[in-house]
Structures are given as structure tokens and as C-alpha cells.
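Novice: Using the sequences provided together with the hints, build the complete structure.
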Amino acid sequence: GENVGLHLPTLSVQEGDNSIINCAYSNSASDYFIWYKQESGKGPQFIIDIRSNMDKRQGQRVTVLLNKTVKHLSLQIAATQPGDSAVYFCAKAAGNKLTFGGGTRVLVKP
Amino acid sequence: DAGVIQSPRHEVTEMGQEVTLRCKPISGHDYLFWYRQTMMRGLELLIYFNNNVPIDDSGMPEDRFSAKMPNASFSTLKIQPSEPRDSAVYFCASRPGGDQPQHFGDGTRLSIL
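Chains as they are written, first to last, in the numbering used here: chain Z, 1 to 110; chain U, 1 to 113.
These are computed hints drawn from the structure, not numbers from a lab.
Where hints are given, some of them may not hold.
Stated by the list, open to error - With a straight-line cut-off of 30 Å between C-alpha atoms, the simulated DSS-like cross-links for lysine-lysine are:
no.	chain 1	residue 1	chain 2	residue 2
1	U	78	Z	97
2	U	68	Z	97
3	Z	42	Z	109
4	Z	42	U	24
5	Z	68	Z	56
6	Z	109	Z	56
7	U	78	Z	42
8	U	68	Z	68
9	Z	42	Z	97
Specialist: The following block contains the structure:
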């Protein structure tokens with residue numbers, strides 16, 4: 001069945017450094033991939049997405065890389081700030097359905 | 001702009017009671033989704049609607065769960081009777097047509113005693 005998983009459950013990063021969050025998936029039948037950020041007590045917030053025919057997409061301070069050969073997705077956050085502390089989820093979309101990974105907690109140290 | 005609005009934010013009730021969770025999607029969004037989030041199972045899709053019509057309810061765990069969308073601006077998720085294992089955070093999300101991302105509400109934290 002479909003599975004979207006994460007390598008690291010917790011990532012501790014110094015403020016100002018770059019963060020890299022990784023995600024692996026097992027079924028490539030997907031339209032596109034999405035990264036969400038979830039802060040405590042709130043719902044997941046859309047960060048960035050990438051179509052399956054792309055390998056890189058950049059947003060404001062964030063870059064998503066997709067490697068379909070090894071079925072790997074990553075989110076890079078540049079110059080991590082205290083406000084980036086949250087749980088980050090990758091999700092795989094197939095039609096209208098999203099399958100979420102287990103999440104990675106990012107802790108930003110001052 | 002108003003996002004997805006869910007109510008109540010918190011619900012505590014005794015097992016056996018009926019629970020109704022409510023959602024107001026973003027105006028103009030054609031799709032509405034209900035999810036459940038637990039520590040053990042993460043975020044799971046329960047059911048989704050397109051233009052108020054249920055399309056896929058394969059994630060609904062049991063017949064105790066039901067969802068309705070009587071109009072484009074309102075949906076309910078009902079659990080009857082509730083059980084302690086239903087305790088979770090329930091999220092509603094909506095999105096417009098086309099390849100657009102889902103927007104989530106802030107959830108209802110449900111505790112069944």
C-alpha cells in the first residue's frame with residue numbers, strides 16, 4: 001500500500017542555520033507532493049508543493065527537492081528562525097487524496 | 001480572509017454520547033475533507049466531499065461515524081455512540097477545484113471519557 005515516511009522524528013537546529021527535512025515514499029503513483037507545517041494547537045499550514053514532473057521548486061526561504069529515482073523528498077529551510085519551530089509533514093497526493101508522513105519536529109535553538 | 005472554521009475547538013464527553021463536529025469551509029472551495037490526527041496513526045483522511053456530495057468515505061472507521069454536507073458552507077462529522085478510542089484531533093480542510101492545496105482549520109480536540 002501507499003506509505004510516506006520520514007527519516008528523522010526530531011531535528012534540532014541553531015537559529016540562522018539551514019534545516020533539511022527528509023521524506024521517503026514507497027509508491028510513485030502520485031500527482032504531486034506537498035509540505036505542511038503544523039504549530040502547536042493549529043492545523044497544518046501549506047508551505048510549498050512540487051509536481052511529479054519537477055525535481056526542484058523554490059519559495060521564500062524554502063526549497064523542495066524531489067528525487068523520483070530513489071523516491072525521496074526533502075524540504076530545505078534557509079536561515080532557520082524561531083518561528084520555524086513546528087512539526088513538518090510531507091504528503092503525497094493522488095487525485096484528491098493526501099497521504100501524510102509521520103512528521104518531523106524542528107526545534108530552533110537561539 | 002477567513003479560513004476554515006471548526007467548532008467546537010475542544011469537546012469532552014462521556015462514552016456513549018453523541019458528538020457532532022462542525023466545519024465551515026472557505027467560501028468558493030469545491031472540496032471538503034475530514035481528517036483525524038492521533039499520535040499512533042498520524043493524519044488520516046476520513047471522508048471527502050465535492051460540491052456537497054460525498055465522494056470517498058473509505059477512511060471512515062466504523063458505522064458509528066457519519067458525515068454530511070447539507071450546503072456549500074457547512075459540514076458535520078457525527079460520532080454516535082462515542083468511545084474512548086475516538087479521542088483525537090479532528091481536522092476539516094477545503095480547497096478549490098484544480099490542482100490547489102488543501103487549507104486546514106485549527107481542529108477540534110475530542111476527548112471521550
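Novice: The structure should be examined with respect to each hint, and the outcome stated for every one.
Specialist: Status of each hint after checking the structure:
1. U:78 <-> Z:97: 21 Å, holds
2. U:68 <-> Z:97: 18 Å, holds
3. Z:42 <-> Z:109: 22 Å, holds
4. Z:42 <-> U:24: Status holds; Cα separation ~16 Å.
5. Z:68 <-> Z:56: Satisfied, since the Cα-Cα distance of roughly 11 Å is no more than 30 Å.
6. Z:109 <-> Z:56: 28 Å, holds
7. U:78 <-> Z:42: With a Cα-Cα distance of about 21 Å, the restraint between residue 78 of chain U and residue 42 of chain Z holds, given a limit of 30 Å.
8. U:68 <-> Z:68: The given pair, whose Cα atoms are some 38 Å apart, is violated under the 30 Å limit.
9. Z:42 <-> Z:97: OK: residue 42 of chain Z and residue 97 of chain Z at ~21 Å, within 30 Å.
The earlier numbered hint that this structure contradicts is number 8, and it is the only one.
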